[in-house]
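Protein sequences, first through last, are from chains A and B.
With numbering that gives the first Met the number 0 applied, the first sequence closes on residue 240, and no number is skipped along the way.
With numbering that gives the first Met the number 0 applied, the second sequence closes on residue 240, and no number is skipped along the way.
To be clear, the hints were calculated from the coordinates, so they are not data collected in a lab.
Among these hints, one or two may not hold up.
[Claimed, not checked] So the derived list for chain A, only partly shown, Cβ under 10 Å to chain B, looks like this: (1) S91; (2) L138; (3) P147.
By construction, the Cβ of each residue, glycine as well, lies at the ideal position given by its N, Cα and C atoms.
Number of protein chains: 2
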Amino acid sequence: MPHDFSPVGFLGFDTFGTVVDWRNGVAREAEPFLKRHRMAVDPLDFADQWRALYEPSMEKVRSGERNWVKLDILHRENLEKVLENNGVDLDSIVDAELRDLNTAWHRLDPWPDAIEGLTRLKRKFPIGPLSNGNISAMLALARFGGLPWDVIVGAEISESYKPQSETYLKTAEAVGFPPQQVALVAAHNSDLAAARAVGFRTVFVRRPYEHGPLQQTDVRAEDNWDLCVETLTQAADALGC
Amino acid sequence: MPHDFSPVGFLGFDTFGTVVDWRNGVAREAEPFLKRHRMAVDPLDFADQWRALYEPSMEKVRSGERNWVKLDILHRENLEKVLENNGVDLDSIVDAELRDLNTAWHRLDPWPDAIEGLTRLKRKFPIGPLSNGNISAMLALARFGGLPWDVIVGAEISESYKPQSETYLKTAEAVGFPPQQVALVAAHNSDLAAARAVGFRTVFVRRPYEHGPLQQTDVRAEDNWDLCVETLTQAADALGC
Numbered sequence: 000m001p002h003d004f005s006p007v008g009f010l011g012f013d014t015f016g017t018v019v020d021w022r023n024g025v026a027r028e029a030e031p032f033l034k035r036h037r038m039a040v041d042p043l044d045f046a047d048q049w050r051a052l053y054e055p056s057m058e059k060v061r062s063g064e065r066n067w068v069k070l071d072i073l074h075r076e077n078l079e080k081v082l083e084n085n086g087v088d089l090d091s092i093v094d095a096e097l098r099d100l101n102t103a104w105h106r107l108d109p110w111p112d113a114i115e116g117l118t119r120l121k122r123k124f125p126i127g128p129l130s131n132g133n134i135s136a137m138l139a140l141a142r143f144g145g146l147p148w149d150v151i152v153g154a155e156i157s158e159s160y161k162p163q164s165e166t167y168l169k170t171a172e173a174v175g176f177p178p179q180q181v182a183l184v185a186a187h188n189s190d191l192a193a194a195r196a197v198g199f200r201t202v203f204v205r206r207p208y209e210h211g212p213l214q215q216t217d218v219r220a221e222d223n224w225d226l227c228v229e230t231l232t233q234a235a236d237a238l239g240c
Numbered sequence: 000m001p002h003d004f005s006p007v008g009f010l011g012f013d014t015f016g017t018v019v020d021w022r023n024g025v026a027r028e029a030e031p032f033l034k035r036h037r038m039a040v041d042p043l044d045f046a047d048q049w050r051a052l053y054e055p056s057m058e059k060v061r062s063g064e065r066n067w068v069k070l071d072i073l074h075r076e077n078l079e080k081v082l083e084n085n086g087v088d089l090d091s092i093v094d095a096e097l098r099d100l101n102t103a104w105h106r107l108d109p110w111p112d113a114i115e116g117l118t119r120l121k122r123k124f125p126i127g128p129l130s131n132g133n134i135s136a137m138l139a140l141a142r143f144g145g146l147p148w149d150v151i152v153g154a155e156i157s158e159s160y161k162p163q164s165e166t167y168l169k170t171a172e173a174v175g176f177p178p179q180q181v182a183l184v185a186a187h188n189s190d191l192a193a194a195r196a197v198g199f200r201t202v203f204v205r206r207p208y209e210h211g212p213l214q215q216t217d218v219r220a221e222d223n224w225d226l227c228v229e230t231l232t233q234a235a236d237a238l239g240c
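So here's chain A without its partners, still in its complex pose (with noise of 0.2 Å):
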């Protein structure tokens, strides 16, 4: 095989952004909320301020500052915020509202060469999200858009964030395998840095549209990691799957 993934045990994936597109899909799911209540914002710009707030949420986790909560939870939070600093009045919104559109977040569409890729990959290596999103998020995304996941890790299963160390670690260890024989497949170079801190192997997805037309950050592998690749059938070829 190439590159040296035989001894690996088990892919994991980021996949806000990696697997699927998070930006248009809020977008898309966004819309009819914000024009029931006439709200100036653009779609998109709206899935971008909502987005904006998620790093700054899971670094409070990260610091201590506040106990683990999962990402849903932390998306409902800034899903307020954003309302608010728009002008809503919050008192004016029902619940079943918020919750409907707070589930933006578990009905976006994979990207077009993540199925084939995911199915491809499949066949030679037990594959899962190794993403922030909870496990509820991961499982009804993987029911959406027919990701054909074996198992679902990550954020939940180790009570923390990444890019901290237990998101990977604890994953591994559930998994089944020694940090040397799993592979983080991501489109954020952050993530890979991580992955690759802790022993893991790591495979960049090139997503140059995860942030739109004018995307500045991740636009290319930033380092040497392990494969580097334009879609995650291309990934696939390379792995001989």
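Given chain A, work out where chain B should sit, using these hints.
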């Protein structure tokens, strides 16, 4: 849908005995080891002896006598006891051999109806093991036998052992449904009773040969479970899958 399973959002499956045949599988995996070490014990008897230590070893965790450890560790401790009970000097056996034999529990054949039944049930419901087995054991079993799980939940994510209520409740919480919208599928009346006690729907699958031809326990449904079937394909029929 019959039996009012329409609100159900997740089917959790007991695995050892309900989905896979542990007795014949463990006997098959143990046979070469027993021969190599000139042990006079019958492989099926050896499997029964090993399994007999399963409940008491989990009970020490449930009672709080010891902290939660994953089932692979309990199986390993129990294996050493069974070998000693059969007159084996453990110092004469290399660790790699014991490690390999211990993963007999990762290489068990599904019952003949399991793959078709699960594949059909999966069309309508998200499915996953709700087992006392740990994640890596369930993942290995799924890869070995082709079990099409969507997610792996149960003991390890809840750090508890069935029939403790936490195992069921934390599984429901992880997959994102209230207990009333989760069903347990199991061949064991005590497991179903505990699941029902926390609000789960219940599906009894009769496995009258799990313990061999002379089985005395769980040969029939002992309560009015929501659905009682002979096979997982029959469960799929009954649930309109």
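Checked hints:
1. Contact between A:S91 and chain B, as hinted, is not supported at the beta carbon level, the nearest pair being about 27 Å apart and thus beyond 10 Å.
2. Here the hint on A:L138 is kept, as its CB sits about 5 Å from the closest CB of chain B, short of 10 Å.
3. Below 10 Å, beta-carbon pairs count as interface contacts, and A:P147 has one with chain B at about 9 Å; its hint therefore holds.
In summary, the structure is inconsistent with hint 1 from the numbered list given earlier, while agreeing with all the others.
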